[in-house]
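J.: Chain order of the listed sequences is A and B.
FYI, my numbering numbers position 77 of the first sequence as 77, with every residue one higher than the one before it.
Position in the second sequence (first residue = 1) + 1000 = my numbering.
Among the hints, erroneous ones may be present.
[To be verified] Capping the alpha-carbon separation at 27 Å, the derived lysine-lysine pairs in DSSO-like fashion look like this:
1. 1511(B) / 1275(B)
2. 148(A) / 1402(B)
3. 148(A) / 1512(B)
4. 1608(B) / 1624(B)
5. 1512(B) / 1624(B)
6. 1399(B) / 1511(B)
[What the hints assert, rightly or not] Simulated DEER-style distance windows between Cβ atoms:
7. 161(A) / 1259(B): 58 to 66 Å
8. 1274(B) / 133(A): 54 to 62 Å
9. 76(A) / 1106(B): 48 to 56 Å
10. 161(A) / 1365(B): 36 to 44 Å
11. 1445(B) / 154(A): 48 to 56 Å
12. 185(A) / 1527(B): 43 to 51 Å
13. 5(A) / 1480(B): 50 to 58 Å
14. 1445(B) / 5(A): 34 to 42 Å
15. 1259(B) / 76(A): 27 to 35 Å
[Said to hold, decoys possible] From the derived model, a few chain B residues whose C-beta atoms are all more than 10 Å from chain A:
16. 1173
17. 1385
18. 1481
19. 1500
Quick caveat, the hints were computed from the structure, so don't treat them as lab data.
Don't be surprised by glycine CBs; every beta carbon is placed ideally from N, CA and C.
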Amino acid sequence: MSAEGLSDDTEAILLLCGRFGGEGQAPFEPLSTPEYAALARALNQRGLRPADLLAADGPAAPGLPQEAGVALDRIAFLLGRGTAMALSLERWSRAGLWVLSRADAAYPAALKRRLKHDAPPLLYGAGRQALLDVGGRAVSVLAGDLLKASVGRLNRSGLQQGRLALVSPFAPEVGVHADSTSVRDRCIDALVDPS
Amino acid sequence: MVVEAEALHCLRVAMGQADAQFRAGQWAAIDPIVNRRGKVLCVQRTGWGKSMVYFVAARLMRAQGAGVTLIVSPLLSLMRNQIDAAQRLGLRALTVNSTNRDEWAGVRDELLAGSVDLLLISPERLANDEFVAGTLQAVADRIGLLVIDEAHCISDWGHDFRPDYRRVGQVLARLPANIAVLATTATANRRVAQDVAAQLGTGVVVQRGPLLRESLALQNLRLPGAADRLAWLADRIPQLPGSGIVYTLTTRDADRVADWLQQQGIDARAYHAGKPDDERQALEQALLGNDLKCLVATTALGMGYDKPDLHFVIHYQTPGNVVAYYQQVGRAGRAIPAAVGVLLSGDEEEDINAYFRDAAFPPQGQVDRILGALEAADDGLSVRALERAVNLRQSQIEKVLKLLVVEPDSPVLRLDGAWYRTAHPFRLDQERIAHLTRQREQEWAQMKQYQAGERCLMQFLADALDDAGTQPCGRCAVCLGRPVLPVEIDRARLIDAQRFTRHSEMPLELKKQWDIEALPQYVAEHGWSKQNIAQRLRGEAGRVLSRWGEPVWGQLVARGRAQGRFDDELVDAAADLVRHRWPEAAQASWVTCIPSMRQPALVPDFAKRLADALGVPFRPALVKTRETQPQREMDNRFHQCLNLDGAYVVDDQHGIAGPVLLVDDLVDSAWTLTLASALLRQAGAGAVHPFALAVVSAK
C-alpha cells in the first residue's frame, strides 16, 4: 500500500471481496471472483467505477447489483464492513503487506491478460510490487498463509533486499484449503511466465 | 435525514427530563455523525455531555438500521449515569476488558444475535492482535460508529501519549468514508487537537468549548520534606467539606499516604493499578457516593471518571506536565459553587519525574538484542523463549515489544501466540525519541514555572490549553495575594508524621517458583525438582526496612554501603521493627546473613550487632563458594537462578536448629534470599524470616 492508503476503487473492491476474519459468522459471504466480475461488467456498462458504490449520497445506481445478480442487502452489508477492513489493513500494513485490486495500475497485466474474468479481484503480497511484472523466480505465488510466509526466516532477506515478492489471491491470514491450489496454479502460470 | 427535533427527543428520553435542551455544540456534533457518517472531534470539558452525544447518535443510527457502536475507552465500565441513560434509550451496552475474559464468548454471541447496541472496550483490547482476530473481527463487520474517548492519547504531542492509542489512530486512518467516528477529549490544546483531527482523516468537524472551571480555587505550596506534606494533609483534609482526591506519583506513595491518613483517623483509601479491577470499581463508587473522605490515587484514577461534587484535588507531589496536572485538578468543582485545588511540591518529585522521562523509551541496545534473537530464530518465539535468549526482565521485553509492534513499519509481529521478525528493516527512530524526550523536558520546565506562581494560576493553565481569552480568576492564591488554605503545620502532627516515615517497612515476599533447569548443581546435590518450590523449602513472609535512598532509612542505607559500615541507627530501627511490629521474627532464636566476597564485613557486622540487640546469637551459617555476578545485572528468572546455582552452601558446625532471622542489606528480586532460605531449610533450620535493609527496584 502506498503511504496514502488504498485507492477508492480498491477500497470498494476490498469491502466487497475481502476476508477479514469474521466471515464465518457473517450473514453474507464476500463476492466470489465470478460474482465480482459480473458486478464489474455491470458497472462498466454504466460508465461507473467500484468507488461509486460507496458514494456519499447513496450508491450511484441503486438497481445495479440486482442486474448483476447480487442481492441488494448483501452488497449493503459487505460495503458496511469498514471497521473490520480497517482492523485488518492496519495489521497487514504493519507486517509490510500490501493489497492490489484489478483497478490498480500495479496489478500485473499478465494476470488480466491470461485469466481475463477469472483474474482475482484482489491480490495480497509482500516485497517489491515491480517484481510482479518481471516474474520468474522473483515471484512466489502462495495458496495461503501469506502472512506467515512473510515473517518466515527464509523469505525475510529476499523481501528486505527487494529480490523477492510474495503474492496470493487469498487473504493473508487464510490458510491453504482444497480449492486454493488450483487457483494458485493458474496465477503461477500467468505470473511466473508473464509473456 | 434526522432533524434536530428528533435528536432532541432522544436527548430528553436519555436524560429522563422532558424539558432538557442541547448544550451548545451537542447537535453540531450529532448531525454530521448521523446524517453523513462523518468524523467529529469534540474537545469539551468533563461534564459537558460528550456521552450524551454518542448515546443519542447511537440510538438514531440504530433506528436507521445501522449496526453496533464501538466505544474505545479506558474506563472499566460505563459510569452509572451513562448506563442509566443508555437504558432509558433502550440501548444495551456490554463491556469487554481484561476482567471479564470468561464472558467474551457470550458477548460475541449476543453481538452476533443483534441484541447489543454498544460495545465498550479498552484501548489495550483494540491493540491486542489475538483479541481482534478471535473476538472482535467476528462482529467488526457490523460496527457503524466508533467512539474514541480520551482521544488526546493518540497524539504524540499530547501529554499522555500511549502506545495502545497509537494503534487506535492507525486503525481510524484506514476507515472508509461510510464509517462514522466521534473522538472526544477534555484536555487538548490546539496543536494536539489538530494532530488528532489529522489522524482521523480529512473533513473532520472539530468542536471546542471552554475547558476550565470557574469554581476552582488553586494554590501551590512547597514543602520539601515528606513528613511535612503528610502532616499538612492530615491537618487540612478533615477541615475540607465534601470528599476529594489526593494524587501521588507512585503506587508506593499512594499506599503510604493512605495508610498515614487512616492512622490519623481520616477515611482515605489507596487507588492504583495494583488493585484488582473489582476493588477499583468499588472505590470509584464509594467516592461517587461520598462514602469515604478521599481516594489517594495515582494516574490510574483517570480519565473519564466524573464526579460532579468533587470538593478538592490535592497533589502530594508535582506531576511532569501542566496539562496532566490540569486533567487531574480539573475534575474538581464541576457542579458545586466552590472547590479547591492544591499542588504540593517536595524533594523527591524531581527524581521521580526524571525517572519517568528516562524510562519511557528503551535503549537501542535492548531493541537490537530482542530483534537479533527474533531474526536468528527458526520460527516464532514466545516471551518466555525470549527471556532465555536475551538477558532482560520479562516486563522489559514486553514493554519493548509493545512499543515496536505499534510502529507503522513494525519490525515485529505477533502470530499464533508467538513473536516474529517482519521483513521491515528497522532503526529506532532516535530523532523522534529525542524530540519526545525534549518535549517532556520542556513540559517539566513549564510545570516549574507554574509552581513559581508569578501570575494567575488559572490563567496559566488556560494558556497551556489554548483556552482563549480568560481573565484572571480572582480566586487563586496569586490573585488573592494570600493562601486559599492555611500553610501552617501542627507541631505534634509533624512529629507523628516523622515517626511514620521512619516506620517505612514493607512486606518482603520470596519467590514461589524457580527455574529448576537453571539450577543443575543444586538439583544434583539436594534432589530438588519441580518448578514450584516445595513448601518445606520456603522461607516465611519477610520485611524490608526501607526503599533505597528514601528518607529516612533508605538514605542511611545508601550511606552505609558507601562507607562500609551501617549506622547504629539502622540497627536500632531494625530491632525496633522486629520487637514491636513483627511478632513472628521476634521468635527467632538466632540470626544469620547472606555472605559476600566483595564486601565480606559489611552485612555480617550489621547482622551481629542486630543479633546482640535482640539478645540472640549470630551464626555465619551460609558460606559463599564462588564469585557471582551482581544479581541486579541478571534481569530474568532464568539468568538469576543460573547465577546463583551452587554459589552458597550451609555450614552447620555451630548448629542451625530453630527459627532464624536471615539478613541481607539490599534486595531486588529476592532470588538470593529465596535460595538461601531453601538451603537453610534443607539443612534443618526452623522457620526462616527474611529481612533486608532496603529494596532497590523502582515502582
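J.: Next, verify each hint and record whether it holds.
T.: Checked hints:
| no. | hint | result |
| --- | --- | --- |
| 1 | 1511(B) / 1275(B) | 20 Å, holds |
| 2 | 148(A) / 1402(B) | 20 Å, holds |
| 3 | 148(A) / 1512(B) | 37 Å, violated |
| 4 | 1608(B) / 1624(B) | 18 Å, holds |
| 5 | 1512(B) / 1624(B) | 23 Å, holds |
| 6 | 1399(B) / 1511(B) | 22 Å, holds |
| 7 | 161(A) / 1259(B): 58 to 66 Å | 60 Å, holds |
| 8 | 1274(B) / 133(A): 54 to 62 Å | 57 Å, holds |
| 9 | 76(A) / 1106(B): 48 to 56 Å | 28 Å, violated |
| 10 | 161(A) / 1365(B): 36 to 44 Å | 25 Å, violated |
| 11 | 1445(B) / 154(A): 48 to 56 Å | 51 Å, holds |
| 12 | 185(A) / 1527(B): 43 to 51 Å | 60 Å, violated |
| 13 | 5(A) / 1480(B): 50 to 58 Å | 54 Å, holds |
| 14 | 1445(B) / 5(A): 34 to 42 Å | 38 Å, holds |
| 15 | 1259(B) / 76(A): 27 to 35 Å | 60 Å, violated |
| 16 | 1173 | 7 Å, violated |
| 17 | 1385 | 15 Å, holds |
| 18 | 1481 | 54 Å, holds |
| 19 | 1500 | 50 Å, holds |
Consistency with the previously given hints fails for numbers 3, 9, 10, 12, 15 and 16, ordered from lowest to highest.
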